[in-house]
Structures are given as structure tokens and as C-alpha cells.
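Full structure from sequences and hints, please.
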Amino acid sequence: MSEEPFELLSLPGRAGRTLARSALTDAVEHADPDGVWIPDASPEPRAYAAVRDAGSVPVVHPQLGRTGEQTVRHARANGELTRVDADRAPALDVLTVQSPAMLDGLAGSFETGARTAATDRTFLVVPDLGVETDATTLSAALTVGDELTRLQRATETPLTVLAGELPAGYRHDWMLDGVTVPVYGCGPPSGYGETPTFATLRCTAAGTVAPTPMRGDQFGLRALAGIGATTATRLRERGIDARGEVRETPVRELADVSGVSRANAERMHAHAEVLQSGTPLRLSNETLPVTRDERPPVCLDIETDGLSPTVIWQLGVYDPHDDSYQSFIERETPDEPGRIIEAFLDWFLATHADRTVLTWNGYRFDYPELERFIDKHAPHYADAWADVWTYDLYKWAVRDGNALLPGRTNKLDDVASRVGFDGADTGLTGAQTAAAYQQFMRTGDPSLLDWERHERYCEDDCRALWRVYAAIRDADRRATTDTVTDTGGTQAGLGDF
Amino acid sequence: MSRSDELLGMTGRDLVASFPRRSLTADQDRVRIRELAAREGEYVPASDALRSRLADPLPYELYAHQATALDALDAGENVTVATSTASGKTAVYGLQIARNLLDAGVLAPDGSRASEGNDASTALALYPMKALTKDQKRNLDGLYETLGLDVRVRIYDGDTPSADRRAIRAEADVILTNFQAISVYLGHHDKWSRLFSALDLVAIDESHTHTGVQGMHAAWILRRLRRVVDYWGGDPQYTLTSATVGNPGDHSAQLVGDDVTVVDEDGSPRGARDLVLWNPPPQSKAEPDESRADIPETDATDTGGSDADSLPEGADTDGEEQAAERVPASIEAPRVFAHLTAAEIQTLLFCPSRKLTELAVERAETFHANNAASYDARPRTEPYNAGMGRRTRHARETEFKTGSLAGLATTSALELGIDIGDLDATVLLGYPGQRQSFWQRIGRAGRGASRSLAVMVADHRTLDQYVIENPEYLLDSDVEDAVVDTDNNAVFVQHLRCAAEELALTEDDAPALAERDRLERAVEMLRRSGELEGYLDAAAHYAGTPRPQADVSIYATGDDEYRVTLAEDATLGRELDIEPVAKSRAFRDYHEGAVRLHDGQQFEVTAVVDDHPQPFVELTPVDVDYYTQTRTTVNVVDADSERSREVNGYTLHQGTGTVLVEHESYDRVHIGNGERLEQNIPTDRPPVEMQTQLCWLEVPDRVETALVHKYREFGVETGMAGDHPPQLGYVAGLHAAEHAMIKTAPLELLVDKNDLGGLSTLVLDTHMTLDDETTRAETVAAAERAIERRAETLNGVSSGWFVYDAVEGGLGFSRAIYEQFEALAARARDSLRDCGCGRPNGCPACTFDRNCGNDNKPLLRASAVDVFDHLLGEGSDLEAHLPDEAYGGERRPSIFYS
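Heads up: the sequence lines are chains A and B, in that order. With our numbering, you'll find the first sequence wraps up at 497, consecutive numbering, no jumps. With our numbering, you'll find the second sequence wraps up at 898, consecutive numbering, no jumps.
Please keep in mind that the hints were generated in silico from the structure rather than gathered at the bench. Among the hints, a few may not be true.
Below, simulated DSS-like cross-link-like pairs (lysine-lysine); rule was C-alpha separation at most 27 Å, straight line [said to hold, decoys possible]:
| no. | chain 1 | residue 1 | chain 2 | residue 2 |
| --- | --- | --- | --- | --- |
| 1 | B | Lys857 | B | Lys710 |
| 2 | B | Lys191 | A | Lys395 |
| 3 | B | Lys191 | B | Lys137 |
| 4 | A | Lys376 | B | Lys191 |
| 5 | A | Lys411 | A | Lys395 |
| 6 | B | Lys137 | B | Lys401 |
Which bits of chain A does chain B cover? Going by a derived footprint, with three or more residues having C-beta under 8 Å, they are [stated by the list, open to error]:
| no. | region |
| --- | --- |
| 7 | 131–138 |
| 8 | 169–175 |
| 9 | 301–310 |
| 10 | 366–376 |
We treat Cβ as the ideally placed atom computed from N, Cα and C, and that holds for glycine.
Structure (C-alpha cells):
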């Protein structure tokens, strides 16, 4: 596999149409893709125009093509993903069809030799492709299974399908009459309610597609703390349309905008500064979680086999006090989830029981899952674990409003890289590491897993967490002003200013 | 209020004698009185079943059935107690919990708490409605006070303040909640690990209410609960309390997925009871107009869930109206209610809808006013239903209990065991549709061993008239079976998503959750749709949208629900609080232009938004003089037979298929006089496709040929005017037979006939799946054209009718009909043959169905009876009617009647 991966920004028309211009520009800049795809099944001219206006990357939206131009071909060559009209055989190919109805014709053109398939891998984007399920008969089928079968046979080299009706994050290897076709979603990621969503898709020559979901309200003005849809509109009406402009506008003027309190204005102003500078800012006098003897917290991360875990198969603990990293990995008996829990607790309670434990978003996942496994498999340690001081830095900083962070999103990766953390770049995501472990669970074959890479992935997260902690610790603290009295004390939630 | 302890103030005879008659003469036939014998109580010393710590403080002996149930629980069995209201069913599980707490050492022998916490023995009690939960908490608290036990009984449901929740989960010995709530709580079961790991008892109160759709959901919620409890190490016994149903053992076993011992020999005493079957008098010309304008809207159950409009408001009686010669029950029953309450007889009036509880009280007052001379007292009566606020309801319960209210007009909300004290009489506005419900309602009256009165005022519907004509049906036969169908895949998949989210699915889930093959197929489907990741041989994890538990609505099976909101530019002055409606109902009742009544206010549907993640309809308040009635066409396509059997030459099939339902147009009907102001206004809605279960009957050619010939001259008798094909008399019989079958199905099964649909056809075969070709159609009319085309190309088509489950995925009802077809056919035949209406096309009592999509035309009783007679092997000789030459010269028209 000679080719480097490339990144598509799959941007559904709804997001393209509804995002403010500045937000769209921000999103495209942030994603920095090789190309933007609008995967809708019906024409989205406004979205297309808006994306073209927002940056200089190629924008692909076959629904706007002229009649006859129903298949668009891009090839990966010389490190660039470019549109090609001439037929040659690149290593990687991205074919985009207008509709599933084109697939038979496309297969035909490969069969007759009118087209030549990519040597390594063909990615095929099909806007109108989805899965039809019938719960009554417990069946589910691709809407165009037969056509894909024919096409995969015709191209010979492997095919990966990106389906517009399936959400980014969807992945299934479809066994279709003797051929296997991996299908990934490129529609809006689901589970975010009404917010417009989109995703970058990192596509590799091996045929894998790793999605990074993004929410429309994380870009442009909306990326700033304290700016919701209404405030963003009002700011724009005042001619304040970019984060830089918020930074350059005096707080007093921001506070003049209807519905924006003084405290809120200060916060958005400060956040604009934080995003610009890449340095966190502490908003309160709350102390960071530390232990009594002033030793720093240890940073914990766990890996499971999925979102409703049957096993916590990896626990990593980074101790900044002596720069040591300790990991516990279940390499033998995933069906005995108690072993690793007990091993971890033996070690932790013997050597680190007096230390504060730190996680990123642990109150939502790591701690409850750990507690569940301890209750179930090591109940004799339940009380001792309950006595351990556990903190969630994400909650402390973001949800409790104690700090403004410089990441575009508040995901650990984003924040850590902004504060200068240079990770091992294992190329893994949490979902991939879970899926890899599931594979091991099914086969019992440890050679299927690159254990070292997965261990580095976990260690990376622990060390990243420490870097974010240190950056917040060293950050400036916002001077306490008299804004509390200014607002008559009505802004109780922001009294920390 | 004065009461006799010994004698009821009024017997059935007294009632008939004292009831004011105006111009009407006494009509011996229309009122029948039956005396139901008293039942002696059977008692057992409490010390026979209980240790002295529990027996000694009890101030009473146990009923024999309580002792039997406690013994079975002591032996480690699951137990269903199926006995009458007020027979001490709650005490059975209350006492078992007490035994468990003492045995586990949670309580010291003196009844005080042995330790602060309790991780040794807990119990969970599940109720079908919140009101009952509160009532039963009072009962249990009272029991433990009597016993001198410090038991922590706590309610935990949607009304529990979040500040209290953690403490309740940490401390409670017994948690009382409902099914919908526990389904949601399973989503974060780790918070419940203390309760679940020590769970010794699950009590399922009023378990007979879990039937049909709700029963399916309840069964799956219990399976999910069992799975999670098992994970935490709990191993509970199940105790069910039930009203009498035909199949308490089977029903309970289906519900909990385990063997259950049935205790149904009722040991509680019951006084003698006069049952008055009251057919209202013929409608006099002078009757006020209100009776004709009456809209007998019905609520199937009134448990406070999303069931406010469970039955079509289009329960309009067009077609029935002309034949309705008697005063409707909705007028007559409030009069009886008024008469009883005026005589200081404490009475419950059971009404089929929330609206009628309000109307009935008004009508009772009017009756008093019009007959002021006959009555000394002006008793207070009030309506009661689950649409009312909790405070209002509780106040009325208390006022009734203390006697300051003489009567309550209630929906089924008071059918269950809410404590309203003892009362003297019940009046039923119409037959409630099921014997089970009938007995449950009249069982509410009675004070210990004293005499009580029950009056059923019949409506002119089929079932009511059947029951009036055949009182032995009520008195001598077993009550209906309760149906729980865990084979329904649509519901199974909803709960499988939840189960996977709660704990990843593994091989160990077969067969407890489902058979291995079914589980694998479901997991594969969900993996393909992206909602599950992984495989059963390791673990299949939920990967769909968060909180699948929130998508489970235990009152419907479909996935899509429409929110009902006020239009943006509309003002109401109060909050519009209407539960979301299922898609099929939204299409029928909430098309643009529909006028709906809610809480006394008329609304017009001004917008329907389908292409939205959460589809919705918008209402605008209006004040118009009409209501709307939707016209519907239905057809069946792609029927696929899964099994079949021969019955006297007929072939009966059971399988699956697609029902296309198109609510194509609507009429505006004047509220006052029922006049159709405007007709056939298009709704512009596409057909609703429903994949469901069907059963169908093929009539043998020989029978068909003979009957077509026999009835070839019939035309206008069927209700159809104008020219008619020679087959009309025969197909009118199929149509009547199909109606009769559906109308009598509730006599055999615990099924609401609104959960069934039917279609009779001369071209049965054309509705089948052919060569994997599916009949996709934009409209029902297009599907019919396709069927017609197909009919022309087929040889040897046969005629017959379909009966289908009118719910996406099916409920198992048509499956049960397939199995009990002969018994149902015999009942249907009898009702057609024996009806006294004297009309060839029948009447509301025998052939007319209020859900008919063809205006109850054409119908013919005689040919329907012949079809059934031959099916049952009792038909007369066909030879006489077979034409001389080979039949077949006439083209077979493609006609369908739904």
C-alpha cells in the first residue's frame, strides 16, 4: 500500500445551508480536508455555493452535474486528490455517482474495459444508498445489493462504499453473494439531536474509513463559550461575525448586545482570546484537584470492548510524580473480566491509595463502568475504591465552568494538541481499539492484535491528560472583577468571575 | 348518609318497580333480573400459614386462598393469585416480603431494623398505573404497621423528586413503580445494583391488564429485568395478582417466562348480588335530539397512559343510527345512576370514555331536575377519569369513601383496585366488551356479606344485544383468555435494542431472551442497520441512538409517533397537553382539516409535518358546528401463507402480509343533526402500509358456485341500490360473515375488535405474494387495479375473507383466530342466524360494524349463514343450487369489502 490516507469532509446540505458563513469557513479550515463532499440525494446548490465560497478545496456534489455527467472521478496521485477526466489507473480512486441507478452502467464500463479500476482501492460515494430493515421478518438489506455485487466483481480490486443515507460512524462488511463490500456511512452523524452535524472521513488504502464527527455549533462564533444561536445572530447583526472580531471588540460593547450580560460578554471575549493564543484561562479560584501531600494526581484511562462493556481489558495509569506509566492488559481470558480488575486494584490500593485519580469525562464513562465491574467482580474492594479521591478534569473545567480551554472542541485530543502535546499518533480511535479487542475475544487469537500499538494508544491518552492538567495549572487566572455586583448578583451561575 | 348494614336499600325488583316511567309501558322482555348467589368465606387461622411473629399481630384470619398462596411461595414457587377484588391479594405479597425481611435478618424479631442498610433482601412491585401505586403503598404501610414491622416501602416513578431518588435507591426495602418507568430505569441499572443484587420478590399487580400490545411490552420488560437482575446476582420469585382470566397459568407463564402456580379458589366471602340486564326502551319520537347526536367515543382502557383516544372517535354510528330504535345506553344509564344515587345507594357508573363520564353526570342531573317530584334528595355525583389531575381524583376518591359523594361516573380507571371504600351498586353504561371486565366492574360493589346490585344498561351494539339475548354467555361461561404474544418481532426488536444497551448481548442470552436462531437473526439485522456492533460469540454492543428505552411506548408497536402541538400563530390560554399519537392514528384522525374535540375545545388540524426527525401535527382552536369523519379504504397485498389446514373442504391459512390503509377523504358532519354538510373532501394522505399477521379462509369452489347461484337474485336486500353483478348476494354474505367473525372474536379471545381488521373478496388469490413480486402502489386504488389485472391472468381463483391484526407487526390475534376458527365461526353463525332484527342485511347487533369502510354495504345474513354452515359441516344439500351446466360463464368481478 503505497498511498497515504486522504481525508474527505462529508458535509450534508443541511449543514452547508444553515451554518453561518464564518462557521462554515471555520469548519472547512479546521478539517483541512483533501476535498468536501456533499452526499445528499437531491441538489443542494446553496450548500455547494457556500462551501466553495468558504475555502479553496475541491467540492463534489454530483447532483449539480449536467445531464450525462453522472459519475465523478477523483484520483489520488502525487499526494493530492484531484479530479481526473482522463482514464488512467491510479493507486486510489474516489468515484462519486449521482444515484444508485448509475451503478449498473458503471459496472458495465469496468466490464467492457472502458474504465480501469484503481490498483489499490476504489472508494465509491453513493448518495442515495441506505439499509432497509423489516423488523417483522428480522431482515435487513442494502437498497442496491445486487448492483454493488456486480460492481465489486467488475472492478476486481477492492471497493469501499460510502453511503449517503447512513450516518458517519456506520460501518458494516456486507457479504453479498460471494463478495464482501465494506460499507461506511457518510451522512450526518446521529445522536446529536437537532444540531446540524458532519464528519471528516480519513480513508486509507487498506479500505478503512475513520470518521471524526463534528457539530455545527462548534464552529465560528458558536465555538465560544456563552454564544448560542440567538446571541450569534445578534452579534452578526452588529457586524461581529468572526472570533477575531469578538476578541477585538471591547467587552462593554459586547455587553451592549441584547441578551448578553456583562459576565457573558467577558467570558466570550476571554474564550476568543484563549482560542487565539492556545493557552487555557482559569475562570475561578477553585483549586485544581490535588492530594493532601501536594503530589499531583495520577491519570487514568480505561479501554473496553464497547459502549456496554463486558470487559475492561486495559487500564493505564500515568504518574507524573515519577513520570512512570503502569498498564494492565487482559491478553488471555477476556471472559474472566474480574482478573484484570483485581490485579489493577491490588496494585493501586497497595501503592497509590492516597493519590487523587484524574480522568477526562470519567464521570460519564470510566468511573461508573469501573464501579460496576468492581461491584460485580471485586466487591471486597468496593469500599476501598469508593474512598479513593476521583476527579474528572473535563467536568471540572468545562461543565463546572472553571476554565476555558483552547481546543476547537473539548475532546481530549483537540485540547491536548493545542497545548503542545505531541502524541504517538497511533492512528487509532476508541471504536477501533474496541473493535480490535472484540476480534480477539471472538477468535482467541492474540496475534490478531498489535498489542503494543493499543497500549500506546491508552498511554497516549493518560499522558495527554496530564499535559492538559499542567497547562491549566500553569494558566493565568482571570482577575476577579466587580462584575458580580454589576449584574446585581442575578448571574448566579457565573459568580466565579 | 344512612345505610343498612344488613340489607341493601334497593333490590333489582325494587329498582324496576320504582324507576320512573313516563309514557312507556312496562316491557317484561327488556329487563331481566338474575340473582347471583352469595359465596361463603373460607378461612384458615393465620398461624397455619405464618410464623407466630406475623400471625399473632394479625387481627383476622387468612382467606384460604391467601394461605395456599403463601404456602406455595414458601415452597419457592412463583404464584399467581387470581381472585376477586378486595380478596386480600396485596397482603399475599406483603406478607411474603415480611417473611423475607425477617429471614434475611434485615428486621430484628421485634420488627425494628437490625441494621441501617439492606443489601440482603429487597422487593420490587410493578403496577399498571401510577394511581394504583400510591394506593397500594397505603395498603402495604398499613399492613406493616399492623404487624409492627419497620419496612421501608417507597414509590419510585416519574413523580419522584430527583433529590429523593438516590436515597430511595440506597435505602428502600420495597420499591413500587410501573412498567414504563422500570423499562427506563433498566438503562442505568448500575445505580440499582443494591436493590437488584438482593432482589427476592417481584410482585406484578393487576397482571391481567397486561394483554395485547401492552402485554407484549410487559413480557419483554420482565425479561430485560430478569436479565439485569441475574447479572447482579438476584434470583427473585414472582408473585402476580390478577382478576379472573380464562388462562391465568398460561398468561402468567408467558408474562414472566417461567412456570407459575395458580391460586384461584376464591376464599373471600361475597354477598348475594342482583344482576339487572337492562335493555333501554324503544326510542320515543319525543326523545330529545341529544340521543341521536351522541358520539359514543370509547377509551379502551383508562390507565392514564397514552391511551386517551385508543379507539377511533369515528366510533360514529352512521349506519347504526337508522337501525337504532332503542334509547342509547349513554342516555339511559345515567338515568339509572341518577335514580339509585337519589335513593342514597352509593353507586359507580362505568362509562366507555372520559367524555361520557362528564356527560353522564350532566345527564343524571337533568334527569333529577325533570323528575324532581319523584326524589327527595339531590345527591352529589361527579365524574372520575385518568384525564383529571391527581389531586382532583384523590379528592373524589376520598369524598366517595366518606360518603359525601353518592356517585362517581368513571372510566375503567376505577375498574382496578383503587381503594374507594365499599359501595352498594354499579351501573354499566354498555357492555364493556369482555366478561373479564364485566365481572371486575360489577365486583366493585358489595359490603362484606351484604347484598349488592349491578345493572348493565345495554347499548344497541352487537355485543350488548348478544349479551342481553344470551345472559348465559355472561353467567355460565369462562372469562376470556389474556393474550401475550412474545413472537411479535417488531416489539422484540425494540426491547432487544434496550437489552443490548443495558448489557451487551452474548450467547448466554439464548434461550432465556430468545431462541438462538431468532436472537442471531435479530442481532444480524441490527448489526446491518448499524445499531449493534459485535457478535454473540463475544459480545454484541448497542451502537444506535442513545437511550433506546425512551423509544419504547408500551401502548403501541409502531416506531413512528406524531407529536400534537398548537399551531405557532394560535393561542389557547392554557397548555395543550395531548399525548403523541401513533402514525396510523395520526393519518386517520389528524389529517389537515380534521376537527377534533379535546378537553371541551374544538381544534382543527392545520398542518401535518412528516419529513421531520420528529413528525408532528399542528392544531388551531376553532368553533364550528361540525365534526369530521374520515373515510377509509383498505386492501391486503402480498399475503404469504405460513401454515394452513382443511376444514370441511375449506382451506384456512395463517401468515403475514401487507395491509394498505388509505384515509382518503372525509366528511363534515353537523354536530346537532348529523347532516353531512360536505362529503368526500380529499385528505391528500398516502396509504399507510402495515406489515402484519393475517388469517384467511378460502371457500371451496363447489360451495361458492352453489351459493352464487342460490343468491343470484339478491340485490337491494343487501343494502346496495342499482345494477348488481350476479355474485352480489354471495359476496354480501362473505362480507357479513367477515364482520360477524370480527364482532364475535371478543367473545372467545381477550381482544379488542378494533385491533382486528377484515377484507372479504371474490379474488382471494390475487392478494397473495407471487414470484417475489411485491405490489408497491401509490394508492389503494392503484393496488386494486394491479389486483384486478392479476385476477384476469389467474386460473381458478377462489373467494373468502381475510382477518388481520390491525397493528404493525401483528399482535398474535389472527394467529389465535386461526387456532380457534371453528368455535368463532359457530358463534358468528349463531349471532347472524338468531338475530331478531328481521332484516336481510342485518342490523347493528348482527352484521353492522362501526369500522366498516364500505358503509356496511353489501351485507346478507342468509348467505353468510350458509357459508358458515358448510364450513362447520352442517350445511344443507348443495346439489339443488348447483347450476345444471358447468358454472363459469360469468366473469368474476374484482370486488373487495373491508
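Hints, one by one, checked against the model:
| no. | hint | verdict |
| --- | --- | --- |
| 1 | B:Lys857 <-> B:Lys710 | holds (19 Å) |
| 2 | B:Lys191 <-> A:Lys395 | holds (20 Å) |
| 3 | B:Lys191 <-> B:Lys137 | holds (23 Å) |
| 4 | A:Lys376 <-> B:Lys191 | holds (13 Å) |
| 5 | A:Lys411 <-> A:Lys395 | holds (12 Å) |
| 6 | B:Lys137 <-> B:Lys401 | holds (18 Å) |
| 7 | 131–138 | holds (count 7) |
| 8 | 169–175 | holds (count 5) |
| 9 | 301–310 | holds (count 6) |
| 10 | 366–376 | holds (count 5) |
Checked against the numbered hints given earlier, this structure breaks none of them.
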